[in-house]
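Undergrad: Residues per chain are reported as follows:
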Amino acid sequence: MDPILIVLIAIAVFVAIGGVAFVSTRRRGPDLELQPRGGDTAVLDRDTVDRGDVAVLDDAVLDDPAVDGTPDGEQDSDVAVLDKPEVIEEPPPVKPSFFERLGKARSAFSGYLGGLVGLGKVDDEAWEDLEEALIRADVGVATSMALIEDVRSKAKENSTEEGAQVLELLKERMRAEIADKDRGLTVDDGKTNVWLFVGVNGVGKTTTIGKLGRRLKEEGHKPLMAAGDTFRAAAAEQLTMWAERSDCEIVRGNEGGDPSSVIFDGIQAAASRDCNIVLADTAGRLQNKSNLMDELSKVRRVAAKEPGHVSEVLLVLDATTGQNGMVQAKVFAEAVEVTGVVLTKLDGSAKGGIVFAIESELGIPVKLVGLGEGVEDLVDFDPDEFIDALFE
Amino acid sequence: MFQSLTDKFDGIFSRLSKKGVLTEDDVDEALREIRLALLEADVNIGVVRSLRDRIKERATGEAVHKALNPAQQVIKIVNEELTESLGGETISITYNDKPPTVVMMAGLQGSGKTTTSGKLAKWFKSQGRNPLLVGADLQRPAAVEQLRTLGRQVDVPVFSEASDPVEVARKSIEEARSTGRDVVIVDTAGRLAIDEELMEEVRLISEAVSPHYTFLVVDAMTGQDAVTVAESFHDKLELDGVILTKLDGDARGGAALSVKEVVGRPIAFAATGEKLDEFELFHPDRMASRILGMGDVLTLIEKAEETFEQEEAEKAAEALMDGTFTLDDFLEQMQQLKKMGPLSGLIGMLPGLPKEMRDVEVDDGELGKIEAIIKSMTIAERATPEIIDASRRARIATGSGTNANQVAMLVKQFSEMQKMMKRMGGMGTKKAKKNRKGKGKNKGAKGKQKGGRVTPKNTARVTEKGTKKTKAPLMLPGLDRLDEEDFEKLAGELDELGS
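Top line first, the protein sequences correspond to chains A and F. Quick note on numbering: the numbering used here labels position 303 of the first sequence as 318, and the sequence is numbered without any gaps. Quick note on numbering: the numbering used here labels position 11 of the second sequence as 19, and the sequence is numbered without any gaps.
Some hints could be false.
[Unchecked claim] Going by beta-carbon spacing under 10 Å, a handful of chain F positions derived as facing chain A:
id: 1; residue: I99
id: 2; residue: E153
id: 3; residue: T157
id: 4; residue: R160
id: 5; residue: Q161
id: 6; residue: S240
id: 7; residue: K254
[Said to hold, decoys possible] Below, computed lysine-lysine pairings styled on DSSO-like, alpha-carbon distance capped at 27 Å:
id: 8; chain 1: F; residue 1: K427; chain 2: F; residue 2: K323
id: 9; chain 1: A; residue 1: K169; chain 2: A; residue 2: K196
id: 10; chain 1: A; residue 1: K345; chain 2: F; residue 2: K283
id: 11; chain 1: F; residue 1: K74; chain 2: F; residue 2: K84
id: 12; chain 1: F; residue 1: K283; chain 2: A; residue 2: K313
id: 13; chain 1: F; residue 1: K64; chain 2: F; residue 2: K311
Rather than coming from a laboratory, the hints here were simulated on the basis of the structure. Since the structure is predicted, the reported quantities are computational estimates derived from the model, not experimental observations. Ideal placement from N, C-alpha and C gives every residue a C-beta, glycine not left out.
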């Protein structure tokens, strides 16, 4: 058979049947809207599990007009703001300063903006470098651009356009943005204070509670840990080990149980054992899973029931988190009235710049910073050092 | 945010009239916005820069697509570039001749290594393997306990002991051998990339078990730092792949791109939920449009293109059956065909062709020859080949490097094919009637469904979110009801005419 003929027939048949089919196979695009798959099912499962042993409490809580235990912040006399922890025991744990702890991370990056400081007049390229430094620190594009634009016009106005001056101007501008925030942790006297720890999965909520328990004990408080993460495998075991290490009381429920009831039990136990702070752990949850966020709102409502008094809701954020951190802060704040941020894993190479955007946009102050795995590595947030570190 | 981005694009490009090619300015303007979109999605700034250069080079000077405006076209190119960057080589797990096959997990704290180990164990089980989970995270309190719980849930044994991680890892291989497990999954403690001591430890673990696969577990929410992390781990461990976790969140997941660019190894798996079976192979195309955050725009582009191509194809098919199919149409279809690979392979795939046709070796060079002949014709000649006389034939032959005989043969066969296709249309109609009476041949072949006409057979295009779109082949009237007999007859007729 003549090859030309075959080609002809093949093409004719191709045109007739195959053409569009083949083309469309090639084209069959991505499922463009990536659904948060399995979200609903996962939640259903959690819910089903919950139903098990909550029934009683559930009703009680839902029918109860939610008691709002948030301190209005203006209370003065009976609000004790935590002081710097005093060192009680040996070995004298030389409290590392924020900056010293960051040393490790800094060395890897020092000199990044070194060229800028020595620069006479900052040119376009240097301004871009500066903006890039902010973006690299996860401050976010919009915030970085706004900051640079602002500082740039100010620099021009004051004709302070030398490298070192510009950098100082920028830092000043940033410091002003997050200055004057109350970063103390609230402990109201004579109450069973509840500090609720919330956040997405894997940010370090349980670890933070573990470290904080030790610190509070050293400061003379009587903390009790409530293992409200009943979902993740062995989360309660993890918290129990921390409680043992720091010699804290702990209340835990069954795996798969209702977190509200565990925390409620914790508050009851704290009240009867005369503990003044309940450190309430919760399961990590992604903020776009609305039923899990509803569950969390419920936890907060339950925690505010007498004798519980919710005086802190701390959003734990991982320093490696990028722009999604802002979404997390917004959604969690809406669900549970977040009072502060704990920034963890800042001893790595990540700068955690998103908390700057969160503070300046949402006004939620960063209160604590995690700088290592040791029990003494949870320190108070220092805005000046944090801002300096962004540019190192 | 996404909406405003779309608006911005509309704004930029509404004032640009359609030009023949994308100019550098068009591309620059679109790229500025795309840079922002990528940075907002946490793609590392260095990676954004190199991407931008690549896209610019690729887009500038490209012919403007008839169905798209310049902005859409740039976005399309960006999307393709992202998909390519994220995809490329895929991972296929091969198993060691001498079991066990060792898999090691590494990553930062809280990225999801332990949970992922459990999921991976389940996945290996579904592949018919007998995995062993190894708890070498002795750092985090209760990490081993967590792994044991997961092990119970997926019914996979867990090995660990309270010694040191390197020792546990080493012993686990022996354990796997003696208990007949053929895959070992080593869960390690989370560590910071800059922690020299712990990075050295993970290297020692790796040395102790010499893993066949080392996976870096990366949280989809990771920001700019993803690059540093990936670099350090790759440096120490020589990664084989990446596992992306927490993809069921709403982070845009630019970290995936950053990591892929740095490590250059495939993103093997994606964890998409808290349940242990919410774990799947990675889809670069989904990730690309997620990072770009322009799902709507992309759908629009796709639709525009589809409509465009469908119209073209419908036109061709219509032309074919009413005999107005010109050599130009033919040429275009042939070029389409060539894109799909060697002709002999394609012929094998076409349904309904007689056996002797399938067996004939077709030289793809023939296609080139035909192309050359048609391209050497004038427009008038292509539209009405009848006007080709001896002198035109000679000119065409010279122009295409063939001889007059070959030109004549092509013209003749082409016109016979036109006639044949016309007849096929008619025959199909007749057969359809027969079918309706219930006497039609029904050989049970899948392609022989009822219906016909030049409309897509299956017009159901589900456009709900997330569901896949199906588009059925365009059917020529009656062609779907032709069987082998008819083809043989036609081929015989044609052969006779041709020789």
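Undergrad: All hints are to be evaluated individually against the structure, with a verdict given for each.
TA: Hints, verified against the model:
no.: 1; hint: I99; result: violated (20 Å)
no.: 2; hint: E153; result: holds (4 Å)
no.: 3; hint: T157; result: holds (4 Å)
no.: 4; hint: R160; result: holds (9 Å)
no.: 5; hint: Q161; result: holds (8 Å)
no.: 6; hint: S240; result: holds (8 Å)
no.: 7; hint: K254; result: holds (6 Å)
no.: 8; hint: F:K427 x F:K323; result: holds (18 Å)
no.: 9; hint: A:K169 x A:K196; result: holds (25 Å)
no.: 10; hint: A:K345 x F:K283; result: holds (26 Å)
no.: 11; hint: F:K74 x F:K84; result: holds (14 Å)
no.: 12; hint: F:K283 x A:K313; result: holds (23 Å)
no.: 13; hint: F:K64 x F:K311; result: holds (24 Å)
When held up to the earlier numbered hints, the structure conflicts with hint 1 and nothing else.
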